[in-house]
Amino acid sequence: MKTHHVLLMFLISFYGCTKDPGNQPVGNQPQVRETAMTVKEKQLVENLKKINTVFKELYKSNHNVMLVNAAIFSDVYTDESVLFADLIYPEQSLLATKEKFQKLCQTSKLSHTRFSTAFFSEASKLKDPGFDAFVSSQKPRPSAAARLNNINQEETEEVSIYFPYSENFGNQVHNVNTNLDEEDRDRLPDPNDPIYYGITLVTATRNADEGPGDRPVYQSGALLYYENITANDAYADIYPTHIIGVNGIEPYDNTVTNAVMGVQPPGPPVVIPGIPREVKQVYIGEVRCVHQYDNFLAIDGNGGDSEIRFTRSDGYLKMADGHVTADNLFIGDPYPFKRRTIRREDWVEWNLAWDEDWEADNHEQYYAIFEDDTKTTREFSASISTTLSMKIAGVINAAQTIGPIAVKVGFKSEDPIIDHVNLHRDVFFHMNRIDHEGQVLDSGWPVRRKNSRVSFTFMDRTYIP
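Take 1 as the starting number for the sequence shown in our numbering and just add one per residue.
These are computed hints drawn from the structure, not numbers from a lab. Beta carbons: idealized from backbone N, C-alpha and C, even for Gly. Among the hints, erroneous ones may be present.
[To be verified] Here are the computed distance ranges between Cβ atoms for each label pair:
no.	residue 1	residue 2	range
1	Ile238	Pro265	32 to 40 Å
2	Thr38	Tyr225	29 to 37 Å
3	Ala222	Thr113	21 to 29 Å
4	Glu122	Pro194	26 to 34 Å
5	Val427	Gln43	51 to 59 Å
[What the hints assert, rightly or not] Under the rule of at most 20 Å between Cα atoms (straight-line distance), these lysine to aspartate or glutamate pairs were calculated in the EDC-like manner:
no.	residue 1	residue 2
6	Lys318	Glu356
7	Lys375	Glu414
8	Lys408	Asp327
9	Lys280	Glu359
Input sequences plus hints: build the corresponding full structure.
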């Protein structure tokens with residue numbers, strides 16, 4: 001028998017994979033980080049399970065699977081996800097404002113209203129007033145426009161449908177039988193293989209890296225049964241998987257991504273006639289994350305992508321009165337590393353300004369890296385030595401002194417600080433282009449923290465008169 005490990009386009013529900021009669025559930029016992037403890041969390045989990053029950057019926061229709069995938073691939077939300085509410089309430093949905101989603105629906109003859117109607121028809125069969133109330137609580141409030149400004153204005157946990165590793169299954173928008181290259185055709189279900197799998201449905205019943213799921217087995221287009229599997233990163237990397245949970249996603253329109261201009265290789269100083277002095281700049285170049293900081297399954301909003309963030313602490317010319325702390329600057333926005341990017345240990349180009357003018361007498365600065373989460377406030381302290389201003393009789397004097405200043409950085413993360421260290425200017429620009437750890441990227445910059453969970457390069461540029 002022929003097994004299709006790389007599967008076809010996202011607009012197909014029956015992703016081709018020949019059934020192996022000896023197939024066993026993937027993975028070991030679920031790797032649980034946090035179970036549902038409170039009454040509210042337990043009620044949430046029960047309602048997520050009921051959504052799964054309804055979706056298992058909906059997904060018997062290829063149209064409904066295509067509609068959900070079209071919503072996810074339209075990039076309305078972060079984390080390869082779409083809000084459950086946007087699928088079942090078309091009138092208030094942000095999907096209605098997204099041209100890409102509308103085009104996908106038109107091209108593939110998909111109806112948002114048809115999906116919504118089918119959901120409520122199946123949900124009514126449960127005859128569960130509590131579930132009906134929960135579904136009603138998910139209704140977007142008060143309007144799509146307002147949600148762009150503040151998606152989390154209500155305390156209701158917003159349920160999402162998450163498609164991890166969605167890039168593996170393509171984002172083609174054409175009909176299955178047209179406009180495909182040879183590689184895509186090889187991914188189509190083999191008509192000689194009568195048994196194949198559909199999209200696996202998983203309910204997030206806890207915060208964990210593994211959990212049970214239901215994989216549909218089809219024969220000649222008809223659903224035979226759902227088989228129990230264990231879903232995790234290794235599984236979702238091969239088999240298309242939809243996770244019903246609470247990932248804490250946001251509209252892309254409500255986020256600003258780090259601008260990527262392309263990493264520049266090391267070069268000589270750039271001459272700018274008329275510039276009054278030398279200017280030295282430092283940029284975060286390329287970054288790699290090799291650890292999944294957020295959950296594969298989530299019920300608390302900390303699921304999906306790992307949002308990595310850099311900070312810079314600078315006390316230059318602050319008052320030397322023993323009470324003032326350094327300024328802490330959060331560099332750019334949290335960068336979302338997808339689970340696929342982390343699993344493959346891919347490098348990502350940032351080219352993000354860390355300090356565009358590191359002054360000659362600003363002797364030390366401090367950098368830190370953390371994973372941005374929605375809860376658990378943490379703080380760490382340090383000290384840097386730099387040039388400080390002096391105050392005499394309440395008046396700022398031109399006099400300056402070199403001395404220490406405190407660093408205090410507060411951040412929200414479920415995980416400890418990833419990395420932090422003092423940087424000394426007198427050696428930084430001499431040492432930054434030297435390979436100290438045995439790895440230099442193709443860009444020409446040496447890797448820092450090569451064996452850490454987050455590795456990166458610092459780029460430096462010098463402008464002279």
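Here's how the hints hold up against the structure:
A hinted range of 32 to 40 Å holds for the C-beta pair Ile238 and Pro265, which are about 37 Å apart. The hinted range of 29 to 37 Å is satisfied by Thr38 and Tyr225, whose Cβ atoms lie roughly 35 Å apart. Separated by about 27 Å at the C-beta atoms, Ala222 and Thr113 satisfy the suggested range of 21 to 29 Å. A hinted range of 26 to 34 Å for the beta carbons of Glu122 and Pro194 is consistent with their spacing of about 28 Å.
Separated by about 57 Å at the C-beta atoms, Val427 and Gln43 satisfy the suggested range of 51 to 59 Å. Of the supplied pair hints, the one linking Lys318 and Glu356 holds, its CA atoms being roughly 19 Å apart against a limit of 20 Å. Between Lys375 and Glu414, the direct Cα distance comes to roughly 7 Å. Compliance with the 20 Å bound is thereby established for this hinted pair. Note on Lys408 and Asp327: the hinted pairing holds, with a Cα-Cα distance of about 9 Å set against a maximum of 20 Å.
For the hint linking Lys280 to Glu359, the alpha-carbon distance of about 7 Å falls within 20 Å, and the restraint holds.
Going through the hint list in order, the structure satisfies each hint without exception.
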